[in-house]
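Asker: Below, each chain spelled out in residue letters.
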Amino acid sequence: MLHENYLKVLYIDLSAQKVRVARREDLYPYLGGAGAATVLLSETIDYRKGVFDPGQPIVFAIGPLSTIFPAVTKAVAMFRSPLTGNLGESHAGGRIALALRYAGYDALVITGRAAQPTYLYLDSNEVRFKPAQTLWGLGAEETGRLLRDIEPGRGHRSIMRIGPAGENLVRYANVNIETYRHFGRLGLGAALGAKKLKGIYISGDADVAIQNFPEYNKVYAQVYKRVTETSLMEKYHDLGTPENVLPLNALGALPTRNFQQGQFEAAEAISGEAFAQYDLMRKLSCSGCPIGCIHIALLRHQFGKGYEFESSFVSYDYELIYALGSFLGIGDRAGILHLIHRLDDQGLDAIATGITLGWATEAMQKGLIASGELGAKLAFGEVEGYLRAIDVIATGSSELARALAEGAQTAAGRYGGREFAAFLGGNAAAGYHTGYANILGQMVGARHSHLDNAGYAIDQKAGELSDEEIVQGLIREEEERCVLTSLCVCLFARKVYDRPTSRAALKSIGIAVTDGDLDRLGQDIYRRKVWIKKRCGFDYSSLRAPGRLLETPSMRGALTAERLDGLVRLFNRELEKSEVPGGAA
Amino acid sequence: MPKILQAPGMAKCIGCYSCMLACARYNYRSYSPKHSAMQVKTQGGIQGRFVADICRACVDAPCVRACPADALVQRRGGGALLVKGKCIGCEQCVPACPVRVVYWDGVQRTPIVCRHCGLCVVYCPHGCLEMAVTS
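Here the protein sequences come in this chain order: U and R. For reference, each letter of the first sequence is one residue, going 0 to 584 in numbering that gives the first Met the number 0. For reference, each letter of the second sequence is one residue, going 0 to 134 in numbering that gives the first Met the number 0.
I should point out that these hints are in silico values taken from the structure, not numbers from a laboratory. Treat the hints with care, since some could be wrong.
DSS-like cross-link-like pairs, simulated, lysine-lysine; straight-line CA separation at most 30 Å [stated by the list, open to error]:
#: 1; chain 1: U; residue 1: LYS7; chain 2: U; residue 2: LYS506
#: 2; chain 1: R; residue 1: LYS11; chain 2: U; residue 2: LYS7
#: 3; chain 1: R; residue 1: LYS11; chain 2: U; residue 2: LYS234
#: 4; chain 1: R; residue 1: LYS2; chain 2: U; residue 2: LYS224
#: 5; chain 1: U; residue 1: LYS7; chain 2: U; residue 2: LYS533
#: 6; chain 1: U; residue 1: LYS7; chain 2: U; residue 2: LYS17
#: 7; chain 1: R; residue 1: LYS11; chain 2: U; residue 2: LYS129
#: 8; chain 1: U; residue 1: LYS217; chain 2: U; residue 2: LYS533
#: 9; chain 1: R; residue 1: LYS11; chain 2: U; residue 2: LYS494
#: 10; chain 1: U; residue 1: LYS7; chain 2: U; residue 2: LYS195
#: 11; chain 1: R; residue 1: LYS2; chain 2: U; residue 2: LYS217
#: 12; chain 1: U; residue 1: LYS224; chain 2: R; residue 2: LYS11
#: 13; chain 1: U; residue 1: LYS224; chain 2: U; residue 2: LYS234
Make the full structure from the sequences, and use the hints.
Answerer: Listed below in structure tokens is the structure:
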């Protein structure tokens, strides 16, 4: 809590419909966010039981700077991942951090399973368990609208909800938040679905007084200036993350047609520049961030003869253009926007869906799976088949549909074609075919995201990289990002929040830390995450990349399994040097 | 003539809340954007447009007329200024505002009224707000 020496945690038991508040002084040194959530998860996770067991926890946490400093807008979710079976971690912006802060909680820990579909209402005075039978089965968009109408709310509101994919336990179902943001990765939507929890409505209606106005105001103004008047975050506002399409394509690092190529001949047509010129309608921000990186496109669709049009507003980003564009051979922007819109409403992670559909397309070409069984004919570049397949994954009941709902890696285990299922460490690969650091980074990262340790950035450094440089670079970067995500700084603002800035911001609200403290914190959190993953059964020593990702030349040329194996061994030796302090909780 | 706050560019608004945070911070020493005298909100959810509820700077302000303790006084250029020591906490100014932008500070038991200080304009990154002289 601001200006208190504890974190205020709300424990919610859906089975008993009971809540409990704890003021945790012991969590204070973890600051909040990923640090606090890691500890809270390790206390409540049941290593012996399955991912959908009612006892498994879902943790949400914000940080000490959340929404009171520019671009500190993220909330961290931690859970046992339905996709990987181990540590699930996902971050989202929107208004959730603002709403949670002024509802008066630093973290939520949700356990149990509701007897009937339920949604939670939460503000500074009450928690209510509300029936959601009427909402069950509805898409994310309509669910959000109804909750907005049903609950007027007194404060700034955040509305989390799942779509049909989460209800049906698709292993990579997401959680939609404020329509355009998501807890996207590792299947938080299925974790909510297993608890019969359709949504969480948070109203931030309380107030917190500033204690040291001169200091806080001074630092706020300095940070605001760094965010808005320097080039540190310019790209995120300008073209946004889709700015990456053309440079990555030029480098041969834009995965195309299920990783068969590193370049897409239609890259120009689906570039950030083309989206901005022809489709961009407006930009939006998360509450408390003056950047406005959320790019919204107008999707105009003719549904009848003459001049019959419908329109939708769709948010787009680089990873979506990659996973649903180049990866599926789709070179028209409207097609990509259609796919985003459809999977958003069904409540699916875009990257895992695109990668699974890419595998399925090739598997169908090779005769491993049949279009009749899927109920959709898949071919690279053909939007209609993919639209149908998205619905099948979210709601279908056939054996093939349920296999695809577990992700390409699992489906390939059943039908064949593992070598072209683009999963790394159990999660769908992000859109950077830059080299060894990217592949190793995603395999060993705590959440198997390119954002864990930015291997793609290490690959893009000049000159040859030694194995030692790659492994050390990945570990150091992940430790540093454990600090940033405990502060809940948006990673787009990582250059703004260098150490002096972070320390000054913390000091202005009465938290004195040294760089040494933050170094140790990053190392501690990282080791704790590794420890949780191992206890869940994750084996760092047997990691392999699918053959396709090695054969298709990357930005740094073709890769060999031998060198990657060597990197995995070196990484494991480094990991063994520093096990978690005290064996964790 | 002193200037007043106007919001002619709300179609450009990205919903960052920097304006509200500035007002709450400077004028009320609060972190919370709820504690701001101007409120940005969505119409029809995040897919709708952003609108700003701002003091319209009445020249003969109903909130001033409604105050029985002379705690709200007519501001030159339009709007009202609060004389905190005189406020008795009766809340009559809140319903008196025709556009519902006199808010209530439940802790201090005083109204939150726009001073037309222009700090929200300074902190708007998209040029949605401006200070203007009206006739």
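Asker: For every hint, state whether the structure bears it out.
Answerer: The hints, checked one at a time:
Pair hint LYS7 of chain U plus LYS506 of chain U holds up; C-alpha atoms about 20 Å apart against a cutoff of 30 Å. For the hint pairing LYS11 of chain R with LYS7 of chain U, the CA-to-CA distance comes to about 37 Å; that exceeds 30 Å, so the pair is violated. Of the supplied pair hints, the one linking LYS11 of chain R and LYS234 of chain U holds, its CA atoms being roughly 19 Å apart against a limit of 30 Å. For the proposed pair LYS2 of chain R and LYS224 of chain U, the alpha carbon gap of about 25 Å is at most 30 Å, so the pair holds.
In summary, the hint linking LYS7 of chain U to LYS533 of chain U is supported, as the alpha carbons are separated by about 29 Å, within the 30 Å threshold. Annotation: proposed proximity of LYS7 of chain U to LYS17 of chain U holds, straight-line Cα distance about 17 Å (limit 30 Å). At most 30 Å may separate the alpha-carbon atoms for a hinted pair to count; LYS11 of chain R and LYS129 of chain U exceed this at roughly 37 Å. For a cut-off of 30 Å, the pair hint linking LYS217 of chain U to LYS533 of chain U is broken: about 44 Å separates their Cα positions.
As the CA atoms of LYS11 of chain R and LYS494 of chain U are separated by approximately 26 Å, the hinted pair is consistent with the 30 Å bound. Annotation: proposed proximity of LYS7 of chain U to LYS195 of chain U holds, straight-line Cα distance about 25 Å (limit 30 Å). As the CA atoms of LYS2 of chain R and LYS217 of chain U are separated by approximately 26 Å, the hinted pair is consistent with the 30 Å bound. Between the alpha carbons of LYS224 of chain U and LYS11 of chain R the distance comes to roughly 20 Å, so the proposed pair stays at or under 30 Å and holds.
For the suggested pair LYS224 of chain U and LYS234 of chain U, the alpha carbons sit about 16 Å apart, so the restraint of at most 30 Å is met.
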